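Trainee: If you want the building blocks of each chain, they are given just below.
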Amino acid sequence: MAGKMKTTSPGQAPLVALEAITKAYPGVVANDDVSLDLGVGEIHAIVGENGAGKSTLVGVLNGLVRPDSGRILLAGEEIEVESPRQALGLGFGYVQQHFSLIPTLTVAQNVILALRGSPEAIDARQGSRRVRELGERFGLRLDPDARVGDLSVGEQQRAELLKALARGTRVLSLDEPNALLTPQEWIELEGVLRGLAESGVGLLLISHKLDEVLRLADRISVMRRGRLVATTTAREIDVERLAALMVGELVEAPPPRRRTADHGRVALATADLGVDGDRGERAVTAVDLSVAAGEVLGVAGVEGSGQVELAEALCGARRAATGTITLEGEDIGRRSVAERMGLGLGHVPADRRNGGLVATLSVDDNLVLPIIGQAPFTRWGVTRPKAIAAHGAELIERFDVRVPDGSVAVGSLSGGNQQKVVLARELSRPLRALVCCYPTWGLDLHAAASIRTEILKLSEAGVAILYMSVELDELLAVSDRILVLNRGRVTGELDAREATSEQLGLMMGGQERSAA
Amino acid sequence: MGSHGFVTLLLVSAVSVGTPLLYTALGELISETTGVINIELEGMMLCGAFFGILGAYWTHGVVGGFVCAALGGALLAALHGVICFVFRANQVVSGVILNIFALGITSFLLSTVLAERVSKSITHLADIKIPLLSSIPAIGPAFFDQDVMVYVALLSVPAIWWLLNRTSLGLAMKAAGERPQAAESLGVDVGRTRWLALLACGCLAGIGGGQLAIAGIGFFTENMTAGIGYIALAAVIFGRWRAFGVLGAVLLFAIADAFQIRAAGLGVHIPYQFLAMLPYLVTLVALAGLLRRSNPPSALAVNYHPND
Chain S
1 MAGKMKTTSP GQAPLVALEA ITKAYPGVVA NDDVSLDLGV GEIHAIVGEN GAGKSTLVGV
61 LNGLVRPDSG RILLAGEEIE VESPRQALGL GFGYVQQHFS LIPTLTVAQN VILALRGSPE
121 AIDARQGSRR VRELGERFGL RLDPDARVGD LSVGEQQRAE LLKALARGTR VLSLDEPNAL
181 LTPQEWIELE GVLRGLAESG VGLLLISHKL DEVLRLADRI SVMRRGRLVA TTTAREIDVE
241 RLAALMVGEL VEAPPPRRRT ADHGRVALAT ADLGVDGDRG ERAVTAVDLS VAAGEVLGVA
301 GVEGSGQVEL AEALCGARRA ATGTITLEGE DIGRRSVAER MGLGLGHVPA DRRNGGLVAT
361 LSVDDNLVLP IIGQAPFTRW GVTRPKAIAA HGAELIERFD VRVPDGSVAV GSLSGGNQQK
421 VVLARELSRP LRALVCCYPT WGLDLHAAAS IRTEILKLSE AGVAILYMSV ELDELLAVSD
481 RILVLNRGRV TGELDAREAT SEQLGLMMGG QERSAA
Chain C
1 MGSHGFVTLL LVSAVSVGTP LLYTALGELI SETTGVINIE LEGMMLCGAF FGILGAYWTH
61 GVVGGFVCAA LGGALLAALH GVICFVFRAN QVVSGVILNI FALGITSFLL STVLAERVSK
121 SITHLADIKI PLLSSIPAIG PAFFDQDVMV YVALLSVPAI WWLLNRTSLG LAMKAAGERP
181 QAAESLGVDV GRTRWLALLA CGCLAGIGGG QLAIAGIGFF TENMTAGIGY IALAAVIFGR
241 WRAFGVLGAV LLFAIADAFQ IRAAGLGVHI PYQFLAMLPY LVTLVALAGL LRRSNPPSAL
301 AVNYHPND
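Here the protein sequences line up with chains S and C, keeping their order. Numbering-wise, the first sequence is residues 1 to 516 according to my numbering. Numbering-wise, the second sequence is residues 1 to 308 according to my numbering.
Treat the hints as calculated values from the structure; they're not laboratory data. Since the structure is predicted, the reported quantities are computational estimates derived from the model, not experimental observations. It is possible that part of the hints are untrue.
Stated by the list, open to error - Residues from chain C that face chain S, not an exhaustive set, calculated with beta carbons under 10 Å: (1) Asp145; (2) Asp147; (3) Val148; (4) Ser168; (5) Leu171; (6) Ala172; (7) Arg179; (8) Ala182; (9) Ser185; (10) Val188; (11) Asp189; (12) Ile217; (13) Arg240; (14) Ser298; (15) Ala301.
A virtual CB, placed ideally from N, CA and C, is assigned to each residue, including glycine.
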């Protein structure tokens with residue numbers, strides 16, 4: 001990682017430069033006078049918290065976002081980038097966080113589309129052969145005739161890269177390329193990216209995984225709240241100082257979790273649980289799990305490995321296709337969502353905007369929704385606003401939700417505050433078990449830490465917790481045991497005190513391992 | 001034709017009923033593939049029928065009639081495009097409104113512009129008998145002794161299949177209907193692709209309406225399409241968004257419709273009203289049985305506005 005420096009030599013114009021880019025959206029300045037450049041063969045990482053403006057900046061370069069002001073220079077010449085199409089023509093490739101592939105088409109068809117109208121255009125009939133050759137040239141293993149929708153996430157990412165590279169890309173932007181990959185898949189991708197840089201491609205890499213950035217990048221720029229706060233070479237900085245620059249202050253490491261070997265009796269358990277996904281495919285197969293009172297069972301897996309479906313089946317939002325679910329020994333598999341809630345099962349859903357909250361209702365109303373029919377919130381079928389407001393105010397205070405008052409719409413809150421509202425609602429009633437799905441997803445470091453603390457407090461109070469996450473470090477920090485899912489099947493279970501992220505990564509990739 | 005058996009007569013009727021339906025459904029297939037739904041197919045057909053007759057009268061020829069029919073359908077398609085793509089309205093709402101508009105405007109123009117004398121001056125399309133093939137028992141007269149527009153409709157099926165599955169334009173169309181944002185990042189001009197597909201649909205549905213009026217009865221009557229446009233919409237769903245699937249769906253509906261026309265001749269004692277329901281019932285049953293397994297373009301009826 002040391003000693004490689006390929007920044008532009010003095011007097012020579014950089015490959016591409018963004019100058020004084022400003023872009024404001026209603027209520028927020030996403031980019032405030034940001035300038036950044038990229039040399040030939042350079043890997044330049046942009047780090048920052050969610051909402052710092054990284055994706056907006058890269059969107060400007062790739063024609064997805066029109067800036068309010070500022071210039072883009074390509075080899076010293078000012079250019080206008082008005083559309084993604086035009087960006088492609090200029091040699092700008094962009095691998096977005098959520099892939100821009102057409103899932104119903106094959107890999108070859110997606111590449112053919114990307115090359116349409118360019119000098120490298122491929123005839124539809126000779127597609128697969130040419131795409132296979134391209135894959136070999138860039139070291140990306142892929143079956144050109146496979147339907148993109150059937151590929152694993154890692155393979156989709158390779159297809160996305162191939163699509164970007166097939167057009168003779170000179171500047172390649174990648175938005176969180178490591179977010180969905182197992183550690184092993186990422187190491188393979190790192191090799192490909194290094195090879196590209198050596199062949200002269202300039203890479204702009206957005207990431208929030210600081211170790212990986214430090215290992216791969218030549219230079220690192222830090223963004224915070226729309227502004228570029230620092231640009232430095234990777235040699236001159238370490239993880240702690242990067243983190244401090246990102247949040248503007250030092251974040252304390254969470255206190256290590258006190259783990260006890262003996263927990264209470266089993267609270268939540270499944271046997272041979274099978275769940276179907278949205279498209280009728282079997283998303284979860286033969287899962288046996290059990291969580292004891294006061295225990296935290298982590299569930300690891302890359303996105304799409306069945307975590308969401310498992311959580312929904314446990315809570316009753318999705319019907320189990322096979323097997324049983326028991327809460328304190330009682331079979332709840334056929335109970336409705338409301339009945340399970342009444343029995344003391346809480347759920348923090350993966351998608352808080354669509355699944356957890358009613359965005360247009362006020363904070364107070366959202367907090368009272370599950371118990372709205374009970375006294376003192378309703379009398380003779382008519383709601384009692386004073387009682388609802390008092391209930392809201394108490395929870396807002398207790399969970400430190402940052403709002404002026406409880407009457408504002410939940411949709412107007414930041415992600416961290418929305419998640420606190422979901423938690424406050426779930427945790428405010430007596431619980432025996434809590435299923436949380438990606439509870440800190442999309443939150444900044446501060447908000448994530450406070451959410452984790454609240455959940456761990458519950459486990460100390462004797463609630464059984466099922467904690468699903470794609471972040472391995474987080475799972476290792478909070479769990480007693482970790483169950484690993486790959487394509488809906490359990491590939492193993494590890495004691496969190498002994499597990500490593502490498503081990504977990506291998507199992508997430510499908511390698512079987514018996515219980516440790 | 002008096003010497004033909006029931007099956008032959010049934011198929012002959014089915015092909016003449018099915019041809020307008022096939023043009024319209026193929027147009028809708030092209031449009032829906034790119035993500036644009038046209039509830040106003042019915043209106044496009046009605047405009048096609050009206051302007052087809054008017055065109056045939058003006059130009060004293062069938063060719064002019066069909067050109068005007070296509071333009072009439074395209075006119076309504078263009079309105080739909082302006083409402084949905086420029087003013088960003090909901091495609092379904094726009095379609096419903098345009099159907100009412102088309103019914104009103106053609107009825108109004110019928111009473112003011114198109115006098116009844118027009119009907120006398122329309123020349124029918126001559127049938128072209130294909131040697132040998134037309135003498136195949138049962139299917140010969142139905143498929144190989146028809147006017148030129150029937151052959152064009154049948155040949156359009158493989159042509160559109162080829163367009164959608166064997167050309168890069170077809171890939172771009174599917175991409176626009178499946179993931180418009182992704183398609184744009186692949187370099188597809190989603191806006192232009194959708195406009196072209198929509199106008200092509202308007203032309204084809206207009207020709208379908210023209211076929212109904214010009215080749216069918218030779219004049220225009222108020223609301224003469226009587227719901228065929230909606231059946232075309234259903235045929236695309238039942239055909240599972242595939243060219244040959246659409247052909248199969250159209251044949252099924254056309255045979256059901258032909259059956260209710262011909263059943264009277266069989267001497268069956270079923271009230272006429274029940275027979276007339278048959279094609280619509282078949283549509284309903286076919287759709288109900290298929291809804292679970294159907295797989296429409298993901299971005300169907302979802303407007304796409306870049307840089308939002």
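Trainee: For every hint, state whether the structure bears it out.
Mentor: Checked hints:
no. : hint   : verdict
1   : Asp145 : 37 Å, violated
2   : Asp147 : 34 Å, violated
3   : Val148 : 31 Å, violated
4   : Ser168 : 5 Å, holds
5   : Leu171 : 5 Å, holds
6   : Ala172 : 6 Å, holds
7   : Arg179 : 5 Å, holds
8   : Ala182 : 4 Å, holds
9   : Ser185 : 4 Å, holds
10  : Val188 : 7 Å, holds
11  : Asp189 : 7 Å, holds
12  : Ile217 : 42 Å, violated
13  : Arg240 : 13 Å, violated
14  : Ser298 : 8 Å, holds
15  : Ala301 : 17 Å, violated
Of the hints listed earlier, those the structure fails to meet are numbers 1, 2, 3, 12, 13 and 15, in rising order.
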